[in-house]
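2 protein chains.
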Amino acid sequence: METQSLYKRLALHYLGAIKAGTLGAGDRMPSVRKLMAMHEVSLSTALQLCRHLEGQGWLEARPRSGYFVRHPQRIKLVPVEEPHSGTPIDPAQFVGIHERVSAIIAQGQRPIKFNLARATGAADLYPTVQLKNLAIRILRQRPQLLTKAIVMGGNKELKNALAKRALDYGISAAPDEVIVTCGCIEALNLALRAVAQAGDVIAVESPTFYGLLQVLESLGMKALEIPTSPQTGISIEALQLAMQTYDNIKAVVVVPHLQNPLGSIMPDQHKQRLVALCEEQHIPLIEDDSYGALIDTESAPTAAKHWDSTGNVIYCASLHKILAPGLRVGWMLAGRWQARISMLKYAQTRYNEELSQLVVAEFLQSSAYDRHLRRLRATLNVQRERTAEAIAAYFPAGTRLTVPHGGVSVWVEMPHQLSSKAVFDAALEHGILVSPGLLYSNSNRFNHFLRLNCGMHFTQELDDALRTLGNIIRQLAQAQLQSAA
Amino acid sequence: METQSLYKRLALHYLGAIKAGTLGAGDRMPSVRKLMAMHEVSLSTALQLCRHLEGQGWLEARPRSGYFVRHPQRIKLVPVEEPHSGTPIDPAQFVGIHERVSAIIAQGQRPIKFNLARATGAADLYPTVQLKNLAIRILRQRPQLLTKAIVMGGNKELKNALAKRALDYGISAAPDEVIVTCGCIEALNLALRAVAQAGDVIAVESPTFYGLLQVLESLGMKALEIPTSPQTGISIEALQLAMQTYDNIKAVVVVPHLQNPLGSIMPDQHKQRLVALCEEQHIPLIEDDSYGALIDTESAPTAAKHWDSTGNVIYCASLHKILAPGLRVGWMLAGRWQARISMLKYAQTRYNEELSQLVVAEFLQSSAYDRHLRRLRATLNVQRERTAEAIAAYFPAGTRLTVPHGGVSVWVEMPHQLSSKAVFDAALEHGILVSPGLLYSNSNRFNHFLRLNCGMHFTQELDDALRTLGNIIRQLAQAQLQSAA
Chain A
176 METQSLYKRL ALHYLGAIKA GTLGAGDRMP SVRKLMAMHE VSLSTALQLC RHLEGQGWLE
236 ARPRSGYFVR HPQRIKLVPV EEPHSGTPID PAQFVGIHER VSAIIAQGQR PIKFNLARAT
296 GAADLYPTVQ LKNLAIRILR QRPQLLTKAI VMGGNKELKN ALAKRALDYG ISAAPDEVIV
356 TCGCIEALNL ALRAVAQAGD VIAVESPTFY GLLQVLESLG MKALEIPTSP QTGISIEALQ
416 LAMQTYDNIK AVVVVPHLQN PLGSIMPDQH KQRLVALCEE QHIPLIEDDS YGALIDTESA
476 PTAAKHWDST GNVIYCASLH KILAPGLRVG WMLAGRWQAR ISMLKYAQTR YNEELSQLVV
536 AEFLQSSAYD RHLRRLRATL NVQRERTAEA IAAYFPAGTR LTVPHGGVSV WVEMPHQLSS
596 KAVFDAALEH GILVSPGLLY SNSNRFNHFL RLNCGMHFTQ ELDDALRTLG NIIRQLAQAQ
656 LQSAA
Chain F
176 METQSLYKRL ALHYLGAIKA GTLGAGDRMP SVRKLMAMHE VSLSTALQLC RHLEGQGWLE
236 ARPRSGYFVR HPQRIKLVPV EEPHSGTPID PAQFVGIHER VSAIIAQGQR PIKFNLARAT
296 GAADLYPTVQ LKNLAIRILR QRPQLLTKAI VMGGNKELKN ALAKRALDYG ISAAPDEVIV
356 TCGCIEALNL ALRAVAQAGD VIAVESPTFY GLLQVLESLG MKALEIPTSP QTGISIEALQ
416 LAMQTYDNIK AVVVVPHLQN PLGSIMPDQH KQRLVALCEE QHIPLIEDDS YGALIDTESA
476 PTAAKHWDST GNVIYCASLH KILAPGLRVG WMLAGRWQAR ISMLKYAQTR YNEELSQLVV
536 AEFLQSSAYD RHLRRLRATL NVQRERTAEA IAAYFPAGTR LTVPHGGVSV WVEMPHQLSS
596 KAVFDAALEH GILVSPGLLY SNSNRFNHFL RLNCGMHFTQ ELDDALRTLG NIIRQLAQAQ
656 LQSAA
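Listed in order, the protein sequences are those of chains A and F. All residue numbers for the first sequence refer to my numbering, where the first residue is 176 and numbers rise by one. All residue numbers for the second sequence refer to my numbering, where the first residue is 176 and numbers rise by one.
Possibly wrong hints are sitting among the right ones.
In this list, chains with the same sequence are indistinguishable; a pair is considered to hold if it fits within one copy or across any two.
As the list claims (entries may be wrong) - The calculated DSS-like cross-link candidates involving lysine-lysine, where the alpha carbons are at most 30 Å apart (straight line), are:
#1 Lys194 - Lys209
#2 Lys339 - Lys288
#3 Lys331 - Lys307
#4 Lys183 - Lys209
#5 Lys331 - Lys288
#6 Lys288 - Lys323
#7 Lys339 - Lys209
#8 Lys307 - Lys323
#9 Lys183 - Lys331
#10 Lys596 - Lys183
#11 Lys596 - Lys331
#12 Lys209 - Lys425
#13 Lys183 - Lys425
#14 Lys339 - Lys323
#15 Lys596 - Lys288
FYI, nobody ran anything at the bench for these hints, they're computed from the structure.
Produce the entire structure from the sequences given, and follow the hints as far as they go.
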């Protein structure tokens, strides 16, 4: 167990009660004395619990009266606009995003106070101590994993554990089908190399994460950006139309669950239609499911791969965002490209090191993994709500925001087509790093958007940072209006 | 320090005396009692020392007289034939080796008694306990390396340590120039992707290790196999001729130090000529230096990269063979392709995990690394000698063998153009895995060769296995002669 986890677990319990309405706005929180007795905890833990919820904005302290529940006022936010049937599709084009990404990343290499650009939670949202203890135990039991040549085929324990967990996503796969990779990014590389060549056209969501665009650029492939809904993901109609227009699409890449950057979740029916469409058109479907486990529900979402009966879907995932951002443990199920992708993986990086795989395998096999995910989802939920609340309060009128049902970030549309690069530069002056929308499309369709992380604990300082960011956007918007006038 | 390392260190001391002739064949080894007094060690350590040297064949026990030095009789072996100016060069061709390699590997997946096919030493030749202790200490000090997102640019400590070590090879590089990769194999992939495309011609040594051929196959590149001397490496003349014949060679890949499988070492003058030739012809030179540290000399060999003044040499290496076969820590210096290769690495697998890098960095910075290398080289030297001796004694007339000046394997030419696949199959029946020569050339020029590992402790059982292998070869050779008659 983590240090301090007791009060955090209690906090989640009370947060549930608040969200369910059991404790309403204005209700009095049980007194510290009562909390101590009810939960058999120390004074310090009971106080930590209350202060924690207070820090998150769910309680307010009234002098000499104790703690009272407050419902953070949920200001109505206008959701990000849906693409419509008239949304134009840019022609397929070679990708040239890397220099833009590198320049942004290089600029962010100065000391910063708030990194709102990352796509993982803060380290303390993950089970650091448990994983560390596991790693030490495994090193003691099997020190030769450091110095013994890795066996052909790679680590069996992890393949077993992943195949078992895949059942939760509706995927039935033999452990031997699992190919462990260096992060999901290697899985995407291998999938694309297996089904396409330099010069080929790949259909991707628009916006999409720049990591995928960089992969396409590095492989010399063309991106065909398909309009994608902030609510329901890639537009099946637009994709269908694109397939009629282009006869050389060699693959479709989608993130059906908590799409990056939109946070959209494809309804099951859409996933099913997408799988059928790709099969019908003989176009491989590459599914990136790195975030599925972060959806705000107890039951795991069903992967598109579930509806795949011909091996046309290549499923790629990773433990990077959901369990351990410091580890590079990705994996894939390669469908009918199993032999070719196994060959490519072997020729590219051989098998992964053993230690990380064993640590992850043991953790996945324990109930600690499920507990961790429940806690992580609940914590992120609160942080997302607080972030949305701050954006609603501090960002200027005309800001649009769809709060996704899970995950570590929100996608913000700024008013007046404001340049995300201008906001990035100005925010950096205040020690705040944001992820500018210009990175999420090769044709620069999303320059007036920002992706903001909500994987950090919501502190007063973070609230202040979001207020500063809101002021920056307001000032830039005003300056733009004035110069236009 | 390793358990039992004391007697091993003493064994190396006495081995030095034997090899220097201070203790000649037939001389009496100091008595166990005397060894105890001289070195202030226990009876058990003194006995272990003598039995260890006995097991390696350097001492023999005479009843009631003690231990006596024996010089393993060095039977004259005919070296493997040198390529000559008339050696034909096959046309550049697409590589189709993977299925052959996979079939061989799949066959070797049964329980075996002796794996003579691997290209690393046994795990106990590497500092398992030291590395494990380092890993545990680092995990305790920095547990968040498991759960904190990896910083852009990767681990600085390892880059510093590698840049410092590179000085020993005559390479002066800034730490920032070091790109850490998932093994040397990823470095080779990145280097080839940076300078060539599918369909391009790459000049390689012949024979060369099948890992490189698989990389070419997976990237759709053509191999042009250049005759290579078991003594001095790639033939500069043949390469020059090939460059005149083909105007589309996009890179030359060489292993200048302990070439795999030959074990050849390029003289400095050859390396210098090679660098100049490639530069003159505007053809990038990719140098794979995975084995350099295993050459039987105290002073490190000079890398070809040393003579590179224009950034035309891409230097690739790994800690896999020399420090920790269980880790996948490779690295490269990308010369004038620094920006492009950094991009490709980031797009392919992001940065490596931190733990292995920190473990390796700390070890490289300590004198333990130099001690480890000295011990490893001395042990391998003895094992190579014993293996050569056994081959000379047990293999049939007509066998040729060049014993390399370092490394973990020997390259054996069998008489009568015997099929290495037939030997592989027959040896497998006896639980012995060998690496057949058919894997080391796309045009199957080396089918009558075997690469045999000498990285395991030379035990009686291993001696028996080599005797069995010799008998297999003799019987197959006789059968072949009879069927031909």
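Looking back at the hints listed earlier, which ones does the structure fail to meet?
Of the numbered hints given earlier, those the structure breaks are 2, 7, 9, 10, 12 and 13, listed in rising order.
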